[in-house]
Amino acid sequence: MKTFKTGGIHPPESKFTENIPIEVMPVPAELAISLNQHLGKPAKPLVKVGSEVKKGQLIGDADGFISAKVHASTSGKVKAVKPHPHPGGQYAVTVFITADGQDEWEEGLNTEPVDWHGFSKEEIVGKIKDAGIVGMGGAGFPTNVKLSPPPDKQIDTIILNGAECEPFLTADHRLMLESPQEVIEGLEIIASLFGAQAKAYIGIESNKKDAIETLSRLASSKGIEVVSLKTKYPQGAEKQLINAITGRTIEQGELPFDKGCLVQNIGTAVAIYEAVCKNKPLVDRIVTVSGLEIGKPKNIRAVIGTSFRDVSRFCGDLKDSTNQIISGGPMMGKALFTLDVPVVKTTSGILFINNTGIEKARERTCIRCSKCVDVCPQGLAPWLLANVAQFREFDEIQLLGLANCTECGSCTYVCPSKRELVHWIKYAKALVNNRQKRKSA
Amino acid sequence: MISEAFIPAVASLGSVALALGLIIFYVSKKFHVEEDPTVVIINDILPGVNCGACGYPSCGQFAEVLVETKDSSMSCPVGGADLAAQLSATLGITMAEPQPITAVVLCQGDNDTARETAEYYGIQDCWAATQTYAGPKQCRYSCIGLGSCIAFCDFGAMHLENGLIVIDKDLCTGCGACIPSCPTGVLVMQEKKAERYYIACNSHDKGAATKKACDAGCIACQKCVKVCDDDAIVIENFLARIIQEKCTACGKCIEVCPTKVNCIRLEHDLKEVKQKKAS
Ligand code: SF4
Ligand code: SF4
Ligand code: SF4
Ligand code: SF4
Numbered sequence: 001m002k003t004f005k006t007g008g009i010h011p012p013e014s015k016f017t018e019n020i021p022i023e024v025m026p027v028p029a030e031l032a033i034s035l036n037q038h039l040g041k042p043a044k045p046l047v048k049v050g051s052e053v054k055k056g057q058l059i060g061d062a063d064g065f066i067s068a069k070v071h072a073s074t075s076g077k078v079k080a081v082k083p084h085p086h087p088g089g090q091y092a093v094t095v096f097i098t099a100d101g102q103d104e105w106e107e108g109l110n111t112e113p114v115d116w117h118g119f120s121k122e123e124i125v126g127k128i129k130d131a132g133i134v135g136m137g138g139a140g141f142p143t144n145v146k147l148s149p150p151p152d153k154q155i156d157t158i159i160l161n162g163a164e165c166e167p168f169l170t171a172d173h174r175l176m177l178e179s180p181q182e183v184i185e186g187l188e189i190i191a192s193l194f195g196a197q198a199k200a201y202i203g204i205e206s207n208k209k210d211a212i213e214t215l216s217r218l219a220s221s222k223g224i225e226v227v228s229l230k231t232k233y234p235q236g237a238e239k240q241l242i243n244a245i246t247g248r249t250i251e252q253g254e255l256p257f258d259k260g261c262l263v264q265n266i267g268t269a270v271a272i273y274e275a276v277c278k279n280k281p282l283v284d285r286i287v288t289v290s291g292l293e294i295g296k297p298k299n300i301r302a303v304i305g306t307s308f309r310d311v312s313r314f315c316g317d318l319k320d321s322t323n324q325i326i327s328g329g330p331m332m333g334k335a336l337f338t339l340d341v342p343v344v345k346t347t348s349g350i351l352f353i354n355n356t357g358i359e360k361a362r363e364r365t366c367i368r369c370s371k372c373v374d375v376c377p378q379g380l381a382p383w384l385l386a387n388v389a390q391f392r393e394f395d396e397i398q399l400l401g402l403a404n405c406t407e408c409g410s411c412t413y414v415c416p417s418k419r420e421l422v423h424w425i426k427y428a429k430a431l432v433n434n435r436q437k438r439k440s441a
Numbered sequence: 442m443i444s445e446a447f448i449p450a451v452a453s454l455g456s457v458a459l460a461l462g463l464i465i466f467y468v469s470k471k472f473h474v475e476e477d478p479t480v481v482i483i484n485d486i487l488p489g490v491n492c493g494a495c496g497y498p499s500c501g502q503f504a505e506v507l508v509e510t511k512d513s514s515m516s517c518p519v520g521g522a523d524l525a526a527q528l529s530a531t532l533g534i535t536m537a538e539p540q541p542i543t544a545v546v547l548c549q550g551d552n553d554t555a556r557e558t559a560e561y562y563g564i565q566d567c568w569a570a571t572q573t574y575a576g577p578k579q580c581r582y583s584c585i586g587l588g589s590c591i592a593f594c595d596f597g598a599m600h601l602e603n604g605l606i607v608i609d610k611d612l613c614t615g616c617g618a619c620i621p622s623c624p625t626g627v628l629v630m631q632e633k634k635a636e637r638y639y640i641a642c643n644s645h646d647k648g649a650a651t652k653k654a655c656d657a658g659c660i661a662c663q664k665c666v667k668v669c670d671d672d673a674i675v676i677e678n679f680l681a682r683i684i685q686e687k688c689t690a691c692g693k694c695i696e697v698c699p700t701k702v703n704c705i706r707l708e709h710d711l712k713e714v715k716q717k718k719a720s
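Quick mapping for you: the protein sequence lines, in order, are chains S and Y. Quick note, in my numbering, the first sequence goes up one by one and the last residue is 441. Quick note, in my numbering, the second sequence goes up one by one and the last residue is 720.
It is worth saying that the hints were derived from the structure and are not from the lab. Computed from a prediction, not measured in an experiment: that's the story for all the values here. Just so you know, not all the hints are guaranteed correct.
[As the list claims (entries may be wrong)] In silico DSSO-like cross-links for lysine-lysine, where the CA-CA straight-line distance does not exceed 30 Å:
#	chain 1	residue 1	chain 2	residue 2
1	S	K44	S	K15
2	Y	K652	Y	K693
3	Y	K653	S	K77
4	S	K230	S	K259
5	S	K437	Y	K647
6	Y	K664	S	K82
7	S	K82	Y	K652
8	Y	K664	Y	K634
9	S	K82	Y	K667
10	Y	K667	Y	K693
11	Y	K652	S	K77
12	S	K334	Y	K653
Build the full structure now, drawing on both the sequences and the hints.
Take a look at the structure:
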């Protein structure tokens with residue numbers, strides 16, 4: 001079985017929701033649609049308080065090259081446009097829409113599927129851009145930009161990421177089982193942009209046997225190879241996935257296209273299919289709602305902008321013993337301070353946790369056990385990065401490969417001294433950034 | 442008794458040492474650099490903390506440039522007027538007197554006044570806390586109160602008190618090193634004055650949101666703006682600001698401010714007076 005070369009861990013999988021079919025969550029009475037659901041510059045608002053909007057109508061326009069469009073995810077009236085907490089850990093300008101209950105699509109959107117083979121490359125990329133599609137695995141990089149690498153970079157490998165290596169999360173797993181046809185078509189559309197020499201793969205962790213079978217059956221006739229990967233975290237991280245499937249290594253400062261690779265997420269592939277064939281902008285996504293503290297763990301299809309509070313109500317409410325709510329997976333997700341944050345394009349999961357008993361804030365000194373070095377998939381020395389960050393040596397820390405850390409959290413997970421290794425690394429990144437900003441200002 | 446073998450060893454080592462000594466003597470004579478005595482004198486007068494507030498990386502470089510250019514507009518805010526006078530005397534020019542400035546905290550959200558959103562048990566540092574929202578306090582414009590800035594102050598002028606940073610106005614030299622070290626930007630430099638009113642709040646949230654988050658927050662109620670006869674108070678983006686040039690220190694505004702802990706503060710003769718109204 002294939003896997004990446006360096007490091008990795010195997011936390012408890014906790015995939016409680018893997019056999020629960022996706023349930024469509026009704027559109028709530030009020031939506032909060034963030035204009036910053038992607039990497040890059042936030043979108044420019046196009047609506048004002050009082051504007052009437054239709055489902056799928058453009059409400060935020062891409063601002064600059066690396067940015068993405070944002071659409072209304074139901075029909076109704078704009079109630080406010082103001083900063084609001086975002087599940088990614090910051091505040092962002094957000095459009096509040098009071099739903100009119102009709103959920104009425106704008107003319108010409110969400111049509112009967114058409115055959116995409118007649119479209120030119122430009123048309124396909126244009127449709128993806130107009131649909132506001134971003135990487136739905138978590139990073140939120142605008143997909144149309146990722147699909148247009150510089151002309152001197154030859155893409156020969158296209159990988160669909162079905163690893164879903166984060167514990168708890170099953171959104172991609174369910175999507176592969178319930179919409180395999182769309183997944184495959186999405187991948188074919190992506191592959192068609194890079195010509196016949198590009199080979200397409202779907203990488204799936206071996207703990208999802210049913211998904212591997214379902215997709216293999218459909219893929220074999222299309223020249224797509226389904227690769228069974230070892231169940232190991234972070235198998236689904238871009239660099240690790242490329243390494244597992246092709247054996248190539250993305251060095252510091254390189255991007256996947258430098259090694260001829262392109263990785264897309266399962267959810268993104270389905271969104272691409274819907275955008276190209278059905279003219280449907282990205283207005284909903286699959287979210288795993290899990291953890292031991294939620295009444296009924298579920299996989300739901302929620303419209304973008306649904307608040308976590310409505311989601312928790314829909315899933316049988318959280319228990320009183322909940323003391324941590326996480327957006328995303330337990331390894332890389334963000335802890336939230338309020339349920340009043342909206343589902344965004346990158347929200348793969350919402351977890352309700354009780355972590356009493358887990359030691360808090362008791363960092364002890366490093367005992368040089370080297371466990372963190374063993375598990376770091378990027379081949380770094382996390383203990384050293386954390387030490388150097390602690391002493392604020394921000395020139396040295398960059399030489400130690402700070403930028404290469406993917407913040408996967410494996411090091412913090414294994415450290416017997418409970419050191420907050422990733423937190424120190426994020427802290428150093430924030431300060432290095434601040435210094436650079438000041439220098440250029 | 443000294444053994445026979447000892448003598449040649451001492452002699453050879455001695456001659457090597459002598460030869461090296463001569464070389465060093467020659468080199469030091471040949472490459473001797475004349476050090477400007479004025480630079481040495483000036484360097485001695487300067488505070489010697491290398492804080493960078495003058496725009497040069499060290500006091501030594503400031504001294505060199507000053508002696509070379511005799512630019513009277515160069516100033517060291519740390520040394521203040523006294524130093525300017527000394528420099529003027531030494532160099533025989535009239536140095537500009539630096540405007541005395543001081544760091545000010547635009548926040549009064551301590552553990553009693555500001556409400557928290559969540560329990561934060563990560564790394565105890567303001568920058569680390571801002572990795573998830575703006576730290577544990579509800580107000581995202583506030584002083585986070587974990588003291589990242591303290592390490593940047595060469596003069597020991599900062600300390601934490603009840604979850605809020607406090608600046609000792611007598612120790613603060615106005616070097617400005619702390620300003621960029623703060624992730625939320627609640628530290629600003631302001632002119633020193635014998636009597637100075639300022640709004641100690643940094644929140645651009647709307648009034649209702651500010652009130653919910655903090656007892657000492659400016660709710661942009663306009664009361665102070667209306668009462669000020671000198672048009673010295675403006676409200677920008679839900680936050681009042683006192684224009685120091687226009688303020689005559691009449692003190693009327695502080696009377697009308699309706700917040701529980703007055704968000705307008707008076708700094709008296711550089712000593713802080715905490716204006717807590719009986720609530
Ligand atoms: S968080 Fe960074 S340093 Fe730690 S294991 Fe992951 S890549 Fe390595
Ligand atoms: S795992 Fe923790 S204790 Fe072990 S070497 Fe790394 S930092 Fe040190
Ligand atoms: S002033 Fe800024 S850096 Fe200092 S404790 Fe407050 S938030 Fe932290
Ligand atoms: S508080 Fe300290 S660092 Fe800040 S301006 Fe005053 S002396 Fe400089």
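Fill in: S:K82 paired with Y:K652 [C-alpha distance capped at 30 Å]
holds (18 Å)
Worksheet item: Y:K667 and Y:K693: Cα distance at most 30 Å?
Response: holds (10 Å)
Worksheet entry | Restraint status (C-alpha distance of Y:K652 to S:K77 at most 30 Å) | Holds: Y:K652 and S:K77 sit about 28 Å apart, inside 30 Å.
Discussion item. Hinted pair, alpha-carbon criterion (30 Å max): Y:K664, S:K82. Please report holds or violated.
Written reply: Between Y:K664 and S:K82 the Cα gap is close to 25 Å, so the pair holds against 30 Å.
Fill in: Restraint status (C-alpha distance of Y:K664 to Y:K634 at most 30 Å)
holds (24 Å)
Discussion item. Against the 30 Å threshold, does the CA-CA distance of S:K82 and Y:K667 hold or violate the hint?
Written reply: holds (28 Å)
Worksheet item: Do the alpha carbons of S:K230 and S:K259 lie within 30 Å of each other, as the hint requires?
Response: Holds, at about 23 Å.
Worksheet entry | Holds or violated: Y:K653 to S:K77, with C-alpha atoms at most 30 Å apart | With a Cα-Cα distance of about 27 Å, the restraint between Y:K653 and S:K77 holds, given a limit of 30 Å.
Worksheet entry | 30 Å Cα cutoff - pair Y:K652, Y:K693 | holds (22 Å)
Fill in: Pairwise hint evaluation, Y:K647 against S:K437, where the allowed Cα distance is 30 Å at most
Holds, at roughly 29 Å.
Practice prompt. Take the C-alpha atoms of S:K334 and Y:K653, compute the straight-line distance between them, and say whether it is at most 30 Å.
Written response: holds (25 Å)
Worksheet entry | Pairwise hint evaluation, S:K15 against S:K44, where the allowed Cα distance is 30 Å at most | violated (38 Å)
The structure does not agree with numbered hint 1 stated previously, though it agrees with all others.
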